[in-house]
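Enquirer: The primary structure of each chain is shown beneath.
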Amino acid sequence: MTRLLTMDAPDERNRLDAMAQGVIGKPLDRPDGPAKTTGTAKYAAEYNIPGCVEGVLVTAAISKGRVASIDDSSVMSMPGVIAVIADERMTARSAQGGAGKSPVRQIDRVEYWGQPVALVVAESFEQARDAAKHLRIEYQADEDAIVDQHDADAPVEPYGDPVVQGDLGHVMKQAAFAVDVTYTTECHNSAPMEPHASIAEWDGDKLTVHTSLQMIKYNVKEMADALGLSTEKVRLLSPYVGGGFGSKLGVSVEGAAAAVAAIKLKRPVRVVLLRQQVFQCVMRRSETTQRLRLAADKDGRLIGFGHEAKVSNLPDEDFAEPVTQASEFLYPGKNRTLRVDLARIHLVTAGSVRAPGEAVGMQCLESAMDELANQIGIDPVELRLRNIPERHPSKDIPYSSRKLAECLRDGAKRFGWSADRKPAQLRDGEWWIGTGMATACRVHNLNEAQARVTLRADGTAEVASDMTDIGTGTYAVLSQIAGEMLGLDIKDVSVKLGDSNFPPGAGSGGSWGAPSTGSAVFVACEAIRAELAKRLGCTETELTLRDGFATAGNRRVALTDVLSGDHFEEVGHFKAGKITDAFSAAMYGAFFAEVGVNAYTGEVRVRRFQGTFGFGRPLNAKTATSQCMGGMVWGIGSALTEDLVFDKRNGHIVNPDLAEYHLPVNLDVPKLDVVLLDERDPAASPLQAKGVGELGICGAAGAICNAIYHASGVRVRSYPITPDKVLAELPEP
Amino acid sequence: MRPFLYSRADGLDHAVQLAREGARPIAGGTNLLDLMKLQIEAPERLVDINRLPLGGIEPDGEGVRIGALVSNSACAADERIRRDYPVLSRAILAGATFQLRNKATTAGNLCQRTRCYYFYNIDTPCNKRRPGSGCSAIGGFNRIHAILGTSDACIATYPGDMAVALAALNAQVEITTAQGRKRHVPVRGFHRLPGDTPEKDNVLEPGDMITAVALPPPAGGRQIYRKVRERSSYAFALVSIAAVVRMEGGKIAAASLAFGGLAHKPWHDPRIDELLAGAMPSDALADKAADLLLEGAQGYGDNDFKIPLARRALKAVLREATGDAA
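Order-wise, the sequence lines are chains W and R.
As numbered in this note's numbering, residues 1 to 733 make up the first sequence, in order.
As numbered in this note's numbering, residues 1001 to 1326 make up the second sequence, in order.
None of the hints are false.
Pairs of lysine to any residue residues, derived as SDA-like cross-links and limited to a Cα-Cα distance of at most 20 Å, are as follows:
(1) R:K1037 <-> W:Q276
(2) W:K133 <-> R:R1130
(3) W:K133 <-> R:L1038
(4) W:K133 <-> R:F1004
(5) W:K648 <-> W:Q276
(6) R:K1037 <-> W:E123
(7) R:K1315 <-> R:L1294
(8) W:K671 <-> R:S1233
(9) R:K1037 <-> W:M78
Computed footprint of chain R on chain W; a stretch qualifies when at least three of its residues, placed anywhere within it, have a C-beta under 8 Å from a C-beta of chain R:
(10) 600-606
(11) 641-650
(12) 666-678
(13) 720-727
Partial list, derived from the structure: chain R residues whose beta carbon lies under 8 Å from chain W:
(14) Q1039
(15) Y1117
(16) D1123
(17) G1140
(18) E1230
(19) R1231
(20) A1235
(21) P1308
The set of hints was computed from the structure by calculation and includes no laboratory data.
Glycine included, each C-beta is placed from N, C-alpha and C at the ideal position.
Construct the complete structure from the given sequences, taking the supplied hints into account.
Expert: And the structure:
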């Protein structure tokens, strides 16, 4: 049976805390950990399928124009080459998250450098790659390709509905304190460790694809639409995903190519993106230009708030980096202007990269807040505390549980924060030392989700959903929710994920995976509990389940006896209803960082980094902590090193590999001190949980930027803050 | 990767013979395999020299002879290298990662090719990769590129660290020629400036094999390897300085400085060493040294910052080397 829960009001029952098993929230190891560390967890490209041949995508070496001709004969006589495929069903771009329909196909019309234009298939990978590099292609290049959002000729359109309240321009002139600054961030790439990969098999009627994607229920539709098949004819399998970070929300370019080749050749075909292709033809985070205007009264209370951003994307893409997402509700200010402008340029698709919006919006906002605090001459922690609005400043709705003030206070205390903010005061040898802080904030999202829970006659349970685990801990948290609700040790709960034959979960994206799919599991378990209660002659709330035993009143019975050979199967179906518009729900936190700035070279090293977070109920303290740490490492990268560089002459990526696209390395990351506050948010989900996958990055880089200023007196408003930018403002050593 | 022949040399003569016939020697392969996968290089034949007796770090008169196949890890960890040539150990440890240093060899590291972005992208022109096709870095993105000794044909840098220290130490490269003769080339003259033949990184002739690197007697003094980069590890130098400075009675008795990240070769300017020798250390002296270093420096836009950065890094190194650490 399917049980539907539509959440229209806060769930104050807090059922999980009434349970007895005691596994929810515990820092348990992932059940999938041993398989992953021993290499027995199979990732998309790792299936050995008899007769499988290898495809390598050929990508465009122009940024705009048409493919005039492809000379198959240039490679068909090469050893092992089977086919050159350029088919109208192949996709030229990744699908955006949740698209549910094919991304742009038209591979013969080039819209960005690196766009796939053909697939070469050969018996071995090396043969295919060699042939792909030799394939002769004639292009008709357009001369008018614009590849820079700052190009005066780039078409710019407003994106979404701007927020305009009161008269920001006026209060900026009248306010006791005002900051009007422009920050920039560069393009980022998520480059997950597992590259995008698919093995397609076609049995003459149905397509099966081993692939690496985040949101299977949409991906099935995208793949089917691209290929002109019905969704019943497409099965996708992604039980393990080696990182996604948004780049696998939608089908990427290798999937349809592998499928078309498998259909044409009647053989299984594997296509794995080369690392350079992961950079060049999947997805980037847009570069941003952000103007922040903050007007405060004499007490440091915001009376005006402006956040205006310009981002970019390809023509025909309906995604724009939602830079101002948290700015809508985080801080007050009756006079408000928020807007995002979208420049249409010919660079690889801009899409979701971990925490779209807040990842880059918060770090600039929080740097501007630091500038305001310095101008006023108050502690930046105090400035934040004075500016926690009572109601959503535009929608006039209440906030759900919000631990921002606690995070700020607890974090400051734990870090040993000093309110003395005079810059360039402390030296350790060659290094200027300073501290900085920032607020963390990320909107809470929910997505419709289903999950099937089966309580078997032997007293063990199975959870099944097409939900994915992209390294986040889905296997762990879903087993904990089911274990808690059904009174089972988590080793007696098996979780099966990433198969489109299973009920459609929420997918992994926007930090909604755990609260949404977890709620579906919760709903199914509640239904099973009700069935068990019926057998025991009690109500569901009178039933205690623990360690495989059911207790009702003064009776304690083994679950297997209650089941007596039967099993219960329930599909939980969760939908966010009116709750979404009734509250402003978000995750919050505070970052505190200490950095060293080299007085000679402008090099910056993070010496301490602390984060305190409140995101409702932590479902697994260990995986949640890991998520926060991962986010903070991304924050270090965003602050100091990450810069996906496009050649301004033709839009090709200059640094499409992990040698020259600089992520932080171990030495760049100090011990990360992560604190999770215990919180319940009844308006967030029936689990009282929100998402945590993205929170750790949202604002993190701002704390580092602010610490650099405090250390050295240099305010860099252009991320990443590389030595050259710091150096330009440093005094003679 | 294109098909290629692979053979294992069973002796130095065999290796030299195969090399003379056009085979590329391969040892650790940490650079060559990448280049082959990306088809930046497509040798038709490889000769594996890993089993040749070219390992070992041995006394060589008052100096030390480092075999061509000594791994970077082994060299950096060697007790005598750490004691008598610490700048070499430090430079090696400043480069790459543990895994790469375990595989990379002394000779291979000397032959490491540039990390110019355009050299690595076969869809763009590059005179070093395809002579005569043009230089994409000039007018392109050139943050990591050279400011000294550049030409209109190429502004790439030599990316390594070890060779910068070897240049400061004035080591010699021992080469066995295609004819089986031995010759010695100072490290300072091993790499070349691009001129109008940037496809040639160094003075090796076809068939030449590096068999060892010879270090002169220990120079003593304070030895520093300073590498400036935006992340702490696994990044090539924006600017690096190897310094061997010996003080006597408050004065610089002898100094030898070499610079990385600035040119197509480890940069050594004898005028700087001469300026410093016998001088009292001071910031003014550091500035004079920087004036000499940067006399012909030319920025190409994104790498303009290397000019002030090199000056400041040099000041830091001289303060540290001459006793005033901050």
